[in-house]
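Visitor: So the chains spell out like this:
Protein chains: 4
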Amino acid sequence: MQKGRLEAFSDGVLAIVITIMVLEIKVPHGDELSDLKPIIPVFLSYILSFIYLGIYWNNHHHMMHTVKKVSGGILWANLYLLFWLSLVPFVTGWMGENNFAPMTLALYGFILLMAAVAYFILQNRIIHVHGKDSLLAKALGTDLKGYLSPVFYILGIISSFFIPWLAGVFYILVAFMWLIPDMRIERILREVEKKED
Amino acid sequence: MQKGRLEAFSDGVLAIVITIMVLEIKVPHGDELSDLKPIIPVFLSYILSFIYLGIYWNNHHHMMHTVKKVSGGILWANLYLLFWLSLVPFVTGWMGENNFAPMTLALYGFILLMAAVAYFILQNRIIHVHGKDSLLAKALGTDLKGYLSPVFYILGIISSFFIPWLAGVFYILVAFMWLIPDMRIERILREVEKKED
Amino acid sequence: MQKGRLEAFSDGVLAIVITIMVLEIKVPHGDELSDLKPIIPVFLSYILSFIYLGIYWNNHHHMMHTVKKVSGGILWANLYLLFWLSLVPFVTGWMGENNFAPMTLALYGFILLMAAVAYFILQNRIIHVHGKDSLLAKALGTDLKGYLSPVFYILGIISSFFIPWLAGVFYILVAFMWLIPDMRIERILREVEKKED
Amino acid sequence: MQKGRLEAFSDGVLAIVITIMVLEIKVPHGDELSDLKPIIPVFLSYILSFIYLGIYWNNHHHMMHTVKKVSGGILWANLYLLFWLSLVPFVTGWMGENNFAPMTLALYGFILLMAAVAYFILQNRIIHVHGKDSLLAKALGTDLKGYLSPVFYILGIISSFFIPWLAGVFYILVAFMWLIPDMRIERILREVEKKED
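Heads up: the protein sequence lines correspond to chains A, B, C and D, in order.
The working numbering numbers the first residue of the first sequence as 34 and each following residue consecutively.
The working numbering numbers the first residue of the second sequence as 34 and each following residue consecutively.
The working numbering numbers the first residue of the third sequence as 34 and each following residue consecutively.
The working numbering numbers the first residue of the fourth sequence as 34 and each following residue consecutively.
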């Protein structure tokens, strides 16, 4: 029951964050197709951020599946993650409206990095409460994607100031890497369900 | 349980999308009835989009009823649908503020078309997971409305550039067609319930 | 289960409607107490609308308690109610920013009237589905408040053009009348629960 | 069940309040790091308010755990609390955009004070309905934090006009005091669960 409300609140915040981003796509004044041109970078950033938030919702969904009891630490680690994700609309807007200028690309990567760290903390809190033999601990295994993402974000941040388009490549790369759903947890869960039958 | 959270998140996003559209109806500065005149087209587009989003929520609600297990594919197909629906407030605002100019009518139809395609993909994902003998597969039957809608949207998009008001007629027509609730699924569900008694 | 999602969606829309109203209270540029003066009417309208939406949420909550099966008619009657309630932030903002000018007061009353009619339709749809001996039908009894409200709204709308402050009195009066919780339904529900014990 | 919807609605409002605050962080026009400078105070106020709303959500979550039946009084006390919390984005924005000017600091404290009083009322309503031997009544004990917070808020409000930075210290102090999770309720709940085993 406790878990239910944690999920409901996270779903609420993520649903709102993902949707208010669209408010950054300001309706242009003209009625020609060419009037949409200035909002193309805003739109592209919107797509990238939508995918990222979708990934977070998806992984959050899978991770919460393994949670059995919710401690105060998990509640706050979850809020800390939501804090960083709540800043995504701001950096998305800044990046889009300034046509992917170096500093905006770097800040976008920084927020992604902070969110990844927060996700990591939440994951550790859950494992801490449920034990090293818990479902999540097993499912994560070496957690390669979890370790690679921050590295790519940092490479992206650095690239922003020298080869801006490369930063974009790094951010898109991480997204693609995660789009492949977290098979590990799904697989372990399936095995557990089989055993229980 | 998995399904519950998918529904909750979709409900959240749809509730927000339907509500932030109202933010596009900017409060006019004067206090006379005539000051409301310029927002009449914005208001009319709001009504149409409200009905469309209501239809999507309604059909989504019926379709999810038939879902028994949620795969990663279903999660992402659902997010893809929400992505296109999240753009409805933008095209509604653009169309309303430009008094139904041709290009804005066409883009409105394009977003509706993309959402219809996304709904189609989600439907297929669900049938794929649940089998061709599943409730949804049976309930859909020939899915006439599902096939007609994209055709009408395309006719609407084309009309936008030649006979703008005809585009509006097409979009309203599709809405009316769907307002007739998805009897098929309701009927099949009722039969199944009867058998179980 | 069906009912659960209807409630969740309605809760979502009402929560957003009630909260985005606060976006109409624009942050003033100065930092003195006197800089808040121009937003006093906006704030007063916010309070009134917050109470009204609270009443709707409360009564909706009680009414839904009596619902056992959800028909397509109920779904759409509910969406129709949400449509009118979604316009409350707009009329609240218009009324507040124009210092309760006659026409804005009248439109505010008109939206309240339309919402009341929509609530009435939803109520009838539910009774239609559940029968005249249903809990809701019994609980409503003569439904005095339900019949008085539209009368007061209409008196308020007419007053707007002649004695503006009287319109405000009417709208506040209806709110107070409803603030007394819907004892009828609560009482009947308690009796039913007693019998079941 | 009744409780479920109360929680869902509160979660919805809190999720939206916490998220629309981010809309007050307006995207700056330049693309340099220095362009972010003017929004630093807005950002700092955002962090403080995010923590406060997180605390309220957390404590609300714990308190609702002890609730067994929901009366009309509890519903309205809850709405009254949500009303004051819904004003947090406004005072956060005003304080941030005016660089923590005295009057904005005082109003921020005033809203926190009103929310604390509302929380107190809700708490009393719940104890009133559930009896003095109820879980919540026991868990609260002397409720030191509950009594200290309003005192600190009032000290903060007074400080605003003489030593502004001290007001900030008071507000941060209360936040830290509450960040230590409400062990009392958690502990009592755990004991109760033990006894039941």
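Some hints could be false.
Because identical chains cannot be distinguished in the list, a pair is counted as satisfied if it fits within a single copy or across any two copies.
Below, simulated BS3-like cross-link-like pairs (lysine-lysine); rule was C-alpha separation at most 27 Å, straight line [said to hold, decoys possible]:
id: 1; residue 1: Lys171; residue 2: Lys102
id: 2; residue 1: Lys178; residue 2: Lys59
id: 3; residue 1: Lys70; residue 2: Lys102
id: 4; residue 1: Lys59; residue 2: Lys70
id: 5; residue 1: Lys165; residue 2: Lys101
id: 6; residue 1: Lys36; residue 2: Lys59
id: 7; residue 1: Lys171; residue 2: Lys70
id: 8; residue 1: Lys171; residue 2: Lys36
id: 9; residue 1: Lys178; residue 2: Lys36
id: 10; residue 1: Lys59; residue 2: Lys165
id: 11; residue 1: Lys165; residue 2: Lys178
id: 12; residue 1: Lys101; residue 2: Lys59
Just so you know, the hints here were simulated from the structure itself, not pulled from any lab data.
Visitor: For a quick check of understanding: which of the numbered hints are violated here, in increasing order?
Guide: 2, 3, 6, 7, 10, 12
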